[in-house]
Amino acid sequence: MANTDVTFLNQLNVDSKNVTIKVKIVKLWRRPMKDNKKETWSIEMILMDEQVYFICTIY
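Residues in the sequence shown are numbered from 14 upward in steps of one, following our numbering.
Hints were generated in silico from the structure; no laboratory data involved. Incorrect hints may appear among the rest.
[Unchecked claim] Simulated pairs of lysine-lysine, DSBU-like, Cα-Cα distance not exceeding 35 Å:
(1) Lys51 with Lys40
(2) Lys37 with Lys50
(3) Lys51 with Lys30
(4) Lys40 with Lys30
(5) Lys50 with Lys35
(6) Lys51 with Lys37
(7) Lys47 with Lys35
(8) Lys40 with Lys50
(9) Lys47 with Lys30
(10) Lys47 with Lys37
(11) Lys51 with Lys35
For clarity, every value in this text was computed on a predicted model and none was experimentally measured.
Using the sequences provided together with the hints, build the complete structure.
This is how it looks when you write it as structure tokens:
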């Protein structure tokens with residue numbers, strides 16, 4: 014994949030649609046539900062791209 018096809022994290026904004034990113038997951042953790050610790054409430058991660066730009070995501 015050529016670098017021209019990749020969108021860097023600092024180029025993303027709320028209007029970005031259908032982009033390809035190439036990142037490394039630096040840190041990944043899950044937050045359990047309050048009433049049931051076996052179920053996941055959210056997954057959070059810190060991503061890093063080739064320009065060493067970091068972003069925190071929550072799913």
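- Quick one: which hint numbers does this structure break? Sort them smallest to largest. Structure breaks no hint.
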